[in-house]
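K.L.:
As a plain string of letters, each chain reads:
Protein chains: 2
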Amino acid sequence: MIDKKHLEYITSIVGDENIKTDKAHLIAFCYDATRSRFEPDAVVFPRHEQDVSDILKYCNEHKIVIVPRGAGSGFTGGALPSNGGIILSLERHMNKILEIDMQNMVGVVQPGVINMQFQKTVEEVGLFYPPDPASEEYSTLGGNVSENAGGMRAAKYGITKDYVMALRAVLPNGDIIVAGKKTIKDVAGYNVAGILIASEGTLAVITEITLKLIPKPKFKKTYMGVFPSVNSAMTAVFKSLASGANPVAMEFLDSLVIKALKQKFPQVSLPENAGGILIGDVDASSLAEIEDQLNILKESFKENGSIDFIVAQDEEEGKKLWFARRNASPATMVFGTKKLNEDISVPRSKLPEALDEIYKIGDKYGFQVPCFGHAGDGNIHVNVMVKDKTNEKEMADGHKAIEEIFQLVVDMGGTLSGEHGIGISKAPFMNIAFTEAEMNLFRNIKKSFDPNNILNPFKMGL
Amino acid sequence: MIDKKHLEYITSIVGDENIKTDKAHLIAFCYDATRSRFEPDAVVFPRHEQDVSDILKYCNEHKIVIVPRGAGSGFTGGALPSNGGIILSLERHMNKILEIDMQNMVGVVQPGVINMQFQKTVEEVGLFYPPDPASEEYSTLGGNVSENAGGMRAAKYGITKDYVMALRAVLPNGDIIVAGKKTIKDVAGYNVAGILIASEGTLAVITEITLKLIPKPKFKKTYMGVFPSVNSAMTAVFKSLASGANPVAMEFLDSLVIKALKQKFPQVSLPENAGGILIGDVDASSLAEIEDQLNILKESFKENGSIDFIVAQDEEEGKKLWFARRNASPATMVFGTKKLNEDISVPRSKLPEALDEIYKIGDKYGFQVPCFGHAGDGNIHVNVMVKDKTNEKEMADGHKAIEEIFQLVVDMGGTLSGEHGIGISKAPFMNIAFTEAEMNLFRNIKKSFDPNNILNPFKMGL
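Protein sequences, first through last, are from chains G and B. Okay, so the first sequence: first residue is 1 according to UniProt numbering, each after it adds one. Okay, so the second sequence: first residue is 1 according to UniProt numbering, each after it adds one.
A portion of the hints provided could be inaccurate.
[Claimed, not checked] Cross-link-like lysine to aspartate or glutamate pairs, in silico, EDC-like; alpha carbons within 20 Å at most:
(1) B:LYS239 / G:GLU124
(2) B:LYS259 / B:ASP308
(3) G:LYS239 / B:ASP101
Read the hints as simulated data drawn from the structure, not as lab findings.
With the rest of the complex left out, here is chain G (with noise of 0.2 Å):
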């Protein structure tokens, strides 16, 4: 518990209004996408970066824990008290779109932001932010940069790292810093920006955010190709990216998803024999350049064994063939009553043998493993399904098989998380993919930031 007079100290910074300890308010901060539960002692609602920095300065002097969050969408506990301290959240007031930058297209946000209010107001000027983590609709940039968020358009567009020009932020011992520049060149000093994204919320409170913006194409069109099996979907997945193709998304259904879909939505037609689907879309800037790159994936797909290659005609159409995809994740449910879900991530070529060996796991332990996701960038969603989450020893099982599928991944020279971070979940793991070197760099990285270990610690394993 916090003394009554730090919390007082607080309250005279920001005002009562912006400083909540009732109940209701401790149980509303207490939770994220993981369903794990630690009420902090207090919440606070900065409204401007001044506010943050008199808040950090004072925490750090009286070595109060300080957990910056967002939306509270996360998947690994990056934003959960699990040590106490006070939420410091960046939702209420910090949530400005400050400025849209046509001319050198740059979009300036402070955190609290939500992507796709963004990439809304972006794309009424002609521009466009490409990350879209699946959370789009309710995560705030704040947070995507935090866990470097990425989302389908990886495949051609990349990630959250690749759009941020600069950060302004709040070491914990209140210094407000720039990182960055709105150039595109910028090499004078460390690349502070690159280690704040991802760090979790670990090194430094972000407080404005420069991104970069591309202009937003003319044209898009949507695929699906079916194959008879999931190893000759996943080995089209990067022979045809590596024959020239460049689709924003490579989006990929095992014959356990396709399976679960056809029983929870009896309704979507999805082709009778597929063994795997790969899905996505194709953008470009003239339609000609549409047809070349369908024909790429088409022909490309043909030479790995599709037996099915569907171009949606018309938008209506297009979101028809995404259905699948985006209602893979409920349908999975009809597996189990519990799913221990991971996003590892690996080089490409090795999607084949992965999925292959994560099955052979799935068996040894008489787990179904259905598995979709991001197969473009070599992002995979893992679920191994529990099918009694009361039962002790299942439920045990469930995570020694996850364990398996972490080293694997790791073994060959995949990672632990290609979105959702490490926060809290996967921290465990950490010693299976950093050796005791890199996780003394970490901590000593942590305590250059952060010496008092005030701000989101214990996090990463650290």
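Place chain B on chain G using the hints.
P.N.:
Structure of chain B alone, referenced to chain G:
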């Protein structure tokens, strides 16, 4: 001077043939493109990563300074032993291309590989590595990563950091670390690769680099836009790019450079009444797209007052158009005996104003300031021409003019260095660009990697 016993120990690691202390070697490794000279105490050629680790571990224990060096082609003294110590030369042994992974479109190299050698190797198999610093014929990829090298193609394709997927590196304590993966998405742990890029050899010695490749564009054409004034050319830069043009490069020559070229290379045919020139390539996967791109450029240039738009009909004609840009740097020497050249970078929309103000600063001190460079990404090479370099007053004025230019650029949201880094040359100007809080953070980061300050110490104003 380093104690003889230390040199003997290092000899026991690398062998007699890989450590040099004779005068010829000390001179051969004392320079870079700054023309400053600092002789090292010894030059060591590690054979492999383990050598690097053993050397660093020993030198860290005995607080011996190590300066990593690629080709020594840097413009700011990053590879100079300005505080003595041992040059660790990566170019003799650690210069192999280890893998071109066509399936994942990734290259893996040792740090001593020459940029152009890598470009040529990947192009032979239909792939493309875009970063093309002017030093591409001789600079190493390790140096490119350490300085975050740019180049002409940055306008469309970005800079070195946009292609680094993973690094292997040795910390000053000898620990070998891996940062990043051969995957498009990876958000596990801090983005250590992100901060090693552009760290100018002050944090770790890079021993292996994994680089993203893209399919080689099939078609390319060269264009030249002729403008009546610098201001109209600079306006056309940001207006054309904001209107959807996406050229590989958009290089700029101002009227002084054009004048110098005519004087120095009478055979070069340059438009009579040109006050500013933009030159570059467009590339695409189809000829139709090339035409589209050229049309957008031509129209947009016209709207901004261009008086001519030339398209090279073949590669030979293209080379002729490029001749002027390629020889801009030597041509400027017609204006003086000493060139104080800086590579400032501003948001593109600030280019017209920035150039106006830079010329005014030149006028104030009586200097001609020919400018050219990578206007498409806002990065301009500014050359303050000193007529008599033996005149102390004139040299002092030149440095004052440079300092004013830096202040101007920073006030406009620009950076001290778009490509060349800080090293020792720009270290005195760091206080213009960074606050004490930011410099403190840099020092803390440096300390977290290198507590004994043995690795390229005191560079970047640290």
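K.L.:
Would you mind marking each hint as holding or not holding in the structure?
P.N.:
Hint-by-hint comparison with the structure:
1. B:LYS239 / G:GLU124: 19 Å, holds
2. B:LYS259 / B:ASP308: 18 Å, holds
3. G:LYS239 / B:ASP101: It holds: about 12 Å lies between the C-alpha atoms, which stays within 20 Å.
Going through the hint list in order, the structure satisfies each hint without exception.
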